[in-house]
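Since the structure of chain P is already known, use the hints to place chain L on it.
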Amino acid sequence: MSLMGGVFEVIERTLAQHQVKKVTLVKLKIGKLTNAEPEALQMAFEAYAKGTVSEGAELQIELIPVKGRCKGCGDEFLVAGLLFACPTCQHIGIDIIEGEELLLESLEVEE
Amino acid sequence: MSSQREIAVMANLLQNNDIHAEINRKHFQKNNCLAINIIGSPGAGKTTLLERTLSNLKENHQVAVIEGDIFTSKDADRIAQHDIPVIQINTGGGCHLDSKMVERVLPEFQWGQLDLMIIENVGNLVCPADFDLGEDFKVVVLSVVEGDDKPSKYPVIFRSSKVAILNKMDLLALVETDLNVMKEDILKINPEIVIFEVSCRTGEGLQEWVEWLDEQIRQTKGNNP
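So the sequence lines, in the order shown, correspond to chains P and L. Once you know that position 40 of the first sequence is 40 in the numbering used here, the rest is easy, because the numbers rise by one and skip nothing. Once you know that position 109 of the second sequence is 109 in the numbering used here, the rest is easy, because the numbers rise by one and skip nothing.
If we strip away everything but chain P, and leave its shape as in the complex, we get:
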């Protein structure tokens, strides 16, 4: 629910700079290494959108897999399961470079 508050803060801020009649599509990018649940987001979206220009808009959620970069050999790889280690050199220090996103990518609107 609080994440959806963030979505609508961003929508409001964006719409303040445009003349928009209706929002028809909201695109989110959500990393898999977050606690955001697509189904819960969908429900919260409908609740928040009610009575606003976003009512009836489609919510599209792109899930981003977890990608790491090894601090040892610099290799980049998808983190399989829960094993946060480098598959090439087995180094255990890795930086997460993708998969932690909580982003509003774009809006489709009618002007």
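Rather than coming from a laboratory, the hints here were simulated on the basis of the structure. Hints are not guaranteed to be accurate.
Stated by the list, open to error - Below, computed lysine to aspartate or glutamate pairings styled on EDC-like, alpha-carbon distance capped at 20 Å:
#	chain 1	residue 1	chain 2	residue 2
1	P	Lys71	P	Glu100
2	L	Lys183	L	Glu197
3	P	Lys71	L	Glu192
4	L	Lys153	P	Glu39
5	P	Lys32	L	Asp132
6	L	Lys188	P	Glu76
7	P	Lys22	P	Glu110
8	L	Lys58	L	Asp83
9	L	Lys26	L	Glu108
10	P	Lys27	P	Glu111
11	P	Lys27	P	Glu12
12	L	Lys188	P	Asp75
13	L	Lys188	P	Asp95
14	P	Lys21	P	Glu108
15	P	Lys27	P	Glu37
16	P	Lys29	L	Asp18
17	P	Lys32	P	Glu100
18	L	Lys188	P	Glu98
19	L	Lys100	P	Glu9
20	P	Lys22	L	Glu6
21	P	Lys21	L	Glu6
22	P	Lys29	P	Glu105
23	L	Lys162	L	Glu184
24	P	Lys22	P	Glu55
25	P	Lys27	L	Glu6
26	P	Lys32	L	Asp149
27	L	Lys153	P	Glu100
Structure of chain L alone, referenced to chain P:
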């Protein structure tokens, strides 16, 4: 005539929380105060751990507590009995603290003297993990009776914590939990995490945790003399 078009946005949904977390972080740093965010499910033993930690640390350090709770002040009342400054935040149904709630209560403490601020989050292993409060690090409390499957079911909090405290070790023999599996999974998710095995009821293992935390407090003060 109405026309359709796409507006590119690319904005972080937690931007607002992150801005206020940064304000809190600067505030803690300016006052040479270590701030920790304690997270765990209801009943994991967060408040009891806090009480044990306080009674060990309060002789050498000035400690204060922010208690997050959905409705009650039960935990804050427990802490207040230790003669420690404590502020209660009731989230009114919210399942986690956010950085603005914490920022709002910061003026209520006597800064300059404080060495350690402990923030006890709402009992929940999920949402608090995503919300930075401006702390130096997160401490996840998991009791061994909750089951060895919990780290793999809730990886985000174990990935983002610096410390994992495995509580209720005195009950380990009574439950099916495989402690090795629990620890192996935690270390797979976060190889750099520091694990302490404790029982807040018997006191087992608490000394190691308190000494480690004491060292962190000293380093924070040393970094900003």
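The hints, checked one at a time:
1. Between P/Lys71 and P/Glu100 the CA atoms are separated by roughly 18 Å; this keeps the pair inside 20 Å, and the hint holds.
2. Between L/Lys183 and L/Glu197, the direct Cα distance comes to roughly 10 Å. Compliance with the 20 Å bound is thereby established for this hinted pair.
3. At roughly 13 Å between alpha-carbon atoms, P/Lys71 and L/Glu192 fall within 20 Å of each other, so this suggested pair holds.
4. A C-alpha spacing of about 18 Å is found between L/Lys153 and P/Glu39, which places the hinted pair at or below 20 Å, so the restraint holds.
5. Between P/Lys32 and L/Asp132 the alpha-carbon distance is near 18 Å, which keeps this suggested pair within the 20 Å criterion.
6. Of the supplied pair hints, the one linking L/Lys188 and P/Glu76 holds, its CA atoms being roughly 18 Å apart against a limit of 20 Å.
7. Distance hint between P/Lys22 and P/Glu110 is fulfilled; the C-alpha atoms sit about 5 Å from each other, no more than 20 Å.
8. Restraint check for L/Lys58 and L/Asp83: the C-alpha separation of about 9 Å stays at or below 20 Å, so the hint holds.
9. A hinted pair counts as satisfied when its Cα atoms are at most 20 Å apart, and L/Lys26 with L/Glu108 qualifies at roughly 17 Å.
10. For the hint linking P/Lys27 to P/Glu111, the alpha-carbon distance of about 18 Å falls within 20 Å, and the restraint holds.
11. Using a Cα cut-off of 20 Å, the hinted pair P/Lys27 and P/Glu12 holds, with the two alpha carbons roughly 15 Å apart.
12. Under the criterion of a C-alpha separation no larger than 20 Å, the hint pairing L/Lys188 with P/Asp75 is consistent with the structure, at around 18 Å.
13. Restraint check: the Cα-Cα separation between L/Lys188 and P/Asp95 comes to about 14 Å, which is no more than 20 Å; the hinted pair holds.
14. The suggested pairing of P/Lys21 with P/Glu108 holds, with an alpha-carbon distance near 11 Å, which does not exceed 20 Å.
15. Distance hint between P/Lys27 and P/Glu37 is fulfilled; the C-alpha atoms sit about 15 Å from each other, no more than 20 Å.
16. Between the alpha carbons of P/Lys29 and L/Asp18 the distance comes to roughly 18 Å, so the proposed pair stays at or under 20 Å and holds.
17. As the CA atoms of P/Lys32 and P/Glu100 are separated by approximately 7 Å, the hinted pair is consistent with the 20 Å bound.
18. Restraint check for L/Lys188 and P/Glu98: the C-alpha separation of about 18 Å stays at or below 20 Å, so the hint holds.
19. Taken as a hint, the L/Lys100 and P/Glu9 pair is honoured in the structure, with Cα atoms around 15 Å apart against an allowance of 20 Å.
20. For the hint pairing P/Lys22 with L/Glu6, the CA-to-CA distance comes to about 12 Å; that is within 20 Å, so the pair holds.
21. At most 20 Å may separate the alpha-carbon atoms for a hinted pair to count; P/Lys21 and L/Glu6 meet this at roughly 13 Å.
22. For the hint pairing P/Lys29 with P/Glu105, the CA-to-CA distance comes to about 6 Å; that is within 20 Å, so the pair holds.
23. Using a Cα cut-off of 20 Å, the hinted pair L/Lys162 and L/Glu184 holds, with the two alpha carbons roughly 16 Å apart.
24. Taken as a hint, the P/Lys22 and P/Glu55 pair is honoured in the structure, with Cα atoms around 8 Å apart against an allowance of 20 Å.
25. A threshold of 20 Å between alpha carbons decides the hint, and for P/Lys27 with L/Glu6 the separation of about 10 Å falls inside it, so the pair holds.
26. Our distance criterion of 20 Å between C-alpha atoms is met by P/Lys32 and L/Asp149, whose separation comes to about 19 Å.
27. With a CA separation close to 17 Å, the supplied pair L/Lys153 and P/Glu100 stays within the 20 Å bound.
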